[in-house]
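Residue numbers 1 to 589, in the working numbering, belong to the letters of the first sequence in order.
Incorrect hints may have been included.
To be verified - Below, simulated BS3-like cross-link-like pairs (lysine-lysine); rule was C-alpha separation at most 27 Å, straight line:
#1 K274 - K330
#2 K454 - K403
#3 K198 - K250
#4 K257 - K240
#5 K240 - K279
#6 K77 - K57
#7 K52 - K2
#8 K279 - K403
#9 K274 - K198
#10 K240 - K330
#11 K240 - K250
#12 K274 - K453
#13 K198 - K279
#14 K77 - K2
#15 K2 - K403
#16 K240 - K198
#17 K238 - K257
#18 K250 - K238
#19 K575 - K279
#20 K279 - K454
#21 K330 - K454
#22 K77 - K52
#23 K240 - K274
#24 K198 - K403
#25 K119 - K198
#26 K35 - K77
#27 K257 - K119
#28 K279 - K257
#29 K453 - K279
#30 K453 - K322
#31 K35 - K575
#32 K35 - K2
#33 K575 - K274
#34 K403 - K330
Calculated from the structure, these hints are not laboratory results.
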Amino acid sequence: MKQLIRDLVSQALTALLAAHGSDVAIPEFLVENTKSREHGDFACNAAMAAAKLLGQKPRDLAAAIVANLPANANVAKVEIAGPGFLNFFMRAESMYAVIGDVLRLGAEFGRTNLGANEKLTVEYVSANPTGPMHVGHGRGAAYGSSLSNILSAAGFDVQREYYVNDYGRQMDIMATSLWLRYLDLHQITTRFPENAYKGAYVTEMAAPLAAEFGAAFVCDGEALMANLPPDESQGGDKDKHVDALIANAKSLLGAVKFRQIYDFALARLQAEIKAELVKFNVVHDEWFSERSLAESGALQSVVAALTERGQMETREGALWFKATEYGDEKDRVVVRENGQSTYFASDIAYLKNKFERGYDRAIYILGADHHGYIARLKAAASGLGIDPNRVEVDLVQFARLFKDGVEVSMGKRGGQFVTLADLREEVGTDAARFFYVMRSHEQHLDFDMELAKKQSSDNPVFYVQYAHARICRVFERLTERGLGAFDVALGVANLGLLSEARELSLIAAIGRFSEVINSAANSRSPHIIANYVRDLAAQLHGVYDSPPRLEILCADAGLRNARLALMAATRQVLKNGLALLGVAAPDSM
RNA sequence: GCGCCCGUAGCUCAGAUGGAUAGAGCACUAGCCUACGAAGUUAGGGGUCGGAGGUUCGAAUCCUUCCGGGCGCACCA
Numbered sequence: 001m002k003q004l005i006r007d008l009v010s011q012a013l014t015a016l017l018a019a020h021g022s023d024v025a026i027p028e029f030l031v032e033n034t035k036s037r038e039h040g041d042f043a044c045n046a047a048m049a050a051a052k053l054l055g056q057k058p059r060d061l062a063a064a065i066v067a068n069l070p071a072n073a074n075v076a077k078v079e080i081a082g083p084g085f086l087n088f089f090m091r092a093e094s095m096y097a098v099i100g101d102v103l104r105l106g107a108e109f110g111r112t113n114l115g116a117n118e119k120l121t122v123e124y125v126s127a128n129p130t131g132p133m134h135v136g137h138g139r140g141a142a143y144g145s146s147l148s149n150i151l152s153a154a155g156f157d158v159q160r161e162y163y164v165n166d167y168g169r170q171m172d173i174m175a176t177s178l179w180l181r182y183l184d185l186h187q188i189t190t191r192f193p194e195n196a197y198k199g200a201y202v203t204e205m206a207a208p209l210a211a212e213f214g215a216a217f218v219c220d221g222e223a224l225m226a227n228l229p230p231d232e233s234q235g236g237d238k239d240k241h242v243d244a245l246i247a248n249a250k251s252l253l254g255a256v257k258f259r260q261i262y263d264f265a266l267a268r269l270q271a272e273i274k275a276e277l278v279k280f281n282v283v284h285d286e287w288f289s290e291r292s293l294a295e296s297g298a299l300q301s302v303v304a305a306l307t308e309r310g311q312m313e314t315r316e317g318a319l320w321f322k323a324t325e326y327g328d329e330k331d332r333v334v335v336r337e338n339g340q341s342t343y344f345a346s347d348i349a350y351l352k353n354k355f356e357r358g359y360d361r362a363i364y365i366l367g368a369d370h371h372g373y374i375a376r377l378k379a380a381a382s383g384l385g386i387d388p389n390r391v392e393v394d395l396v397q398f399a400r401l402f403k404d405g406v407e408v409s410m411g412k413r414g415g416q417f418v419t420l421a422d423l424r425e426e427v428g429t430d431a432a433r434f435f436y437v438m439r440s441h442e443q444h445l446d447f448d449m450e451l452a453k454k455q456s457s458d459n460p461v462f463y464v465q466y467a468h469a470r471i472c473r474v475f476e477r478l479t480e481r482g483l484g485a486f487d488v489a490l491g492v493a494n495l496g497l498l499s500e501a502r503e504l505s506l507i508a509a510i511g512r513f514s515e516v517i518n519s520a521a522n523s524r525s526p527h528i529i530a531n532y533v534r535d536l537a538a539q540l541h542g543v544y545d546s547p548p549r550l551e552i553l554c555a556d557a558g559l560r561n562a563r564l565a566l567m568a569a570t571r572q573v574l575k576n577g578l579a580l581l582g583v584a585a586p587d588s589m
């Protein structure tokens, strides 16, 4: 409908420009939804936008546009208002078609072709497999998953990916931590480093490790603890301490056995993360292993390639990528003095790999603390000869969890933190997912756990789901009252009987769904969907409950089926909207 | 110190690409069920859009500057 108005106004403007003897292009203008009924259904700012170009006052030009507007059966009237807005009042019949569309398309209703099948890879969550996910990961998971759904609905070809950091120091620390717990089980005395993983989940993995490998990893505890530099509380450096311990562990155990422990920890932790994400309605098409980059030689070859392109420089024994040449604030180390590659080296290889797999664009969803990465990743792309605009980073701000009005600490200190699983078990997947995305991702989020559990209209998830369940109930009553089945064709044929303002307003809201999807996709903002679905639910409740009550199951078959068609369409759009957010639409509550 | 994000009603927040009288929810006040779910709904009060300049027909939105909050600035991952 907006496109129709845009075309009509364009035609009028073209005629006016021709009459003016000007051969310039039509200036940009907007067709918007109006905020109030007195401004009609759609408003257009073309007269204001073109006023300067044609040297006319906006209101005069608006009158000229109206005079040149081709007639159209869908337009009831056009008014000029305010500084020069063109307010379009549509014929009610022209708005009804959308109801038939919804009922015909079902779950497909709302899909658009904004993305034109552009191939995107969206990377999200990517939590290190060194422990359970915490509530911060939850927001990234909810956001990334919802955004992927939305982009897909908007016609992008979306691939969802999880980057598994299964390579490097953190996993070495993880393996060593597990081994120390295993040694505890075998009554071998060691000292647990301050920088190791202290969570109970590590201790809990020790028994299964012993069950699978028996005493294969038992060793001399004194030898393991020998020649270690002091830990932090002993006046030393915790990083140096733990690194020395890892070196001891590797030499005592040998590479094969160390790797066995490492793989054991990795497999279990990753399986836990996967299982939790499934419960959270979050899916990934690909779990991409960082280690595979090193083992396939991709890591080494990207370093070689960059060196060949003159993007690298050796300084103080280390190999640096000259990121400053591409707008980063400083150069970045890729290979350390000790010969080990950095995490950033893997990032570059991974970035290259993504584009080699044929994606038009790579979207990274990262926590807000990673904002320093944006310039770095884009510089890496430039260095590889890839247009940095094809690399997009969306940052998700932090979430704070509140329980009984007090903030729940998320610090990892002492292994005490609220896991995503804890949160999900307490409030449920639906509430958690909705709450995570109902605010802009650029905004800090206060997550109220009590509110998320409430069964009343204060709780937006409940409110929306309730609207869906209520409609389902109406259809149950239909059968119970012996009024016969819902006759879609009859309903659609009689939509003209829906003339109440609240019904028309609900129809208009349904008609906006596609546009809302596009808007959410363009601005990478799932919260737009959350707000929409809440507004739709409010309209539904309004139709349903505001006095005088609207009798849906009325005696007149035509009107009854028309109203049922509206109900069915509303239910479908609520369900489709919630599905984009990974939230269920239950039939009863 | 430098960089990124944020500041809108008592509280939590929407207001993409500048548009008409800045909107929701909560909380507060007053109404609405013999009813297809009241687990709901209707109405009301409530604002110097952090401050000050600027850009223009028009600024919460863009620019400058200041104030206030969050985060980041590793041969860590």
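Hints versus structure:
1. The straight-line distance between the Cα atoms of K274 and K330 is roughly 36 Å, outside the 27 Å bound, and the hint therefore fails.
2. In summary, the hint linking K454 to K403 is supported, as the alpha carbons are separated by about 13 Å, within the 27 Å threshold.
3. Using a Cα cut-off of 27 Å, the hinted pair K198 and K250 holds, with the two alpha carbons roughly 20 Å apart.
4. With a C-alpha separation of about 23 Å, the suggested pairing of K257 with K240 holds against the 27 Å cut-off.
5. Between K240 and K279 the CA atoms are separated by roughly 39 Å; this puts the pair beyond 27 Å, and the hint is violated.
6. At most 27 Å may separate the alpha-carbon atoms for a hinted pair to count; K77 and K57 meet this at roughly 22 Å.
7. Taking the CA atoms of K52 and K2, the gap is about 24 Å. The hint holds against a cut of 27 Å.
8. Between K279 and K403 the alpha-carbon distance is near 22 Å, which keeps this suggested pair within the 27 Å criterion.
9. With a CA separation close to 22 Å, the supplied pair K274 and K198 stays within the 27 Å bound.
10. A C-alpha spacing of about 26 Å is found between K240 and K330, which places the hinted pair at or below 27 Å, so the restraint holds.
11. With a C-alpha separation of about 15 Å, the suggested pairing of K240 with K250 holds against the 27 Å cut-off.
12. A C-alpha spacing of about 25 Å is found between K274 and K453, which places the hinted pair at or below 27 Å, so the restraint holds.
13. About 26 Å separates the Cα atoms of K198 and K279, which keeps this hinted pair within 27 Å; it holds.
14. Distance restraint check for K77 and K2: the Cα-Cα separation of roughly 15 Å lies within the 27 Å cut-off, and the hinted pair is therefore satisfied.
15. Restraint check for K2 and K403: the C-alpha separation of about 45 Å exceeds 27 Å, so the hint is violated.
16. Proximity of K240 to K198 is assessed by CA-CA distance (about 18 Å); at most 27 Å being required, the pair is judged to hold.
17. Between the alpha carbons of K238 and K257 the distance comes to roughly 25 Å, so the proposed pair stays at or under 27 Å and holds.
18. With a C-alpha separation of about 18 Å, the suggested pairing of K250 with K238 holds against the 27 Å cut-off.
19. The straight-line distance between the Cα atoms of K575 and K279 is roughly 19 Å, inside the 27 Å bound, and the hint therefore holds.
20. For the given pair, K279 sits about 21 Å from K454 by alpha-carbon distance, which is consistent with the 27 Å threshold.
21. Taking the CA atoms of K330 and K454, the gap is about 49 Å. The hint is violated against a cut of 27 Å.
22. For the hint linking K77 to K52, the alpha-carbon distance of about 26 Å falls within 27 Å, and the restraint holds.
23. Our distance criterion of 27 Å between C-alpha atoms is broken by K240 and K274, whose separation comes to about 33 Å.
24. For the hint linking K198 to K403, the alpha-carbon distance of about 25 Å falls within 27 Å, and the restraint holds.
25. In summary, the hint linking K119 to K198 is not supported, as the alpha carbons are separated by about 42 Å, beyond the 27 Å threshold.
26. Only pairs whose Cα atoms come within 27 Å are accepted, and K35 paired with K77 is accepted, the gap being roughly 18 Å.
27. The suggested pairing of K257 with K119 is violated, with an alpha-carbon distance near 42 Å, which exceeds 27 Å.
28. The hinted pair formed by K279 and K257 fails the criterion: a straight-line CA distance of about 33 Å is larger than 27 Å.
29. Restraint check for K453 and K279: the C-alpha separation of about 18 Å stays at or below 27 Å, so the hint holds.
30. As the CA atoms of K453 and K322 are separated by approximately 51 Å, the hinted pair breaks the 27 Å bound.
31. Simply put, K35 and K575 have alpha-carbon atoms about 25 Å apart, close enough for the 27 Å limit, and the pair holds.
32. Proximity of K35 to K2 is assessed by CA-CA distance (about 15 Å); at most 27 Å being required, the pair is judged to hold.
33. The suggested pairing of K575 with K274 holds, with an alpha-carbon distance near 26 Å, which does not exceed 27 Å.
34. This hinted pair does not check out: K403 and K330 have alpha carbons roughly 42 Å apart, beyond 27 Å.
In this structure, the hints that do not hold are numbers 1, 5, 15, 21, 23, 25, 27, 28, 30, 34, in rising order.
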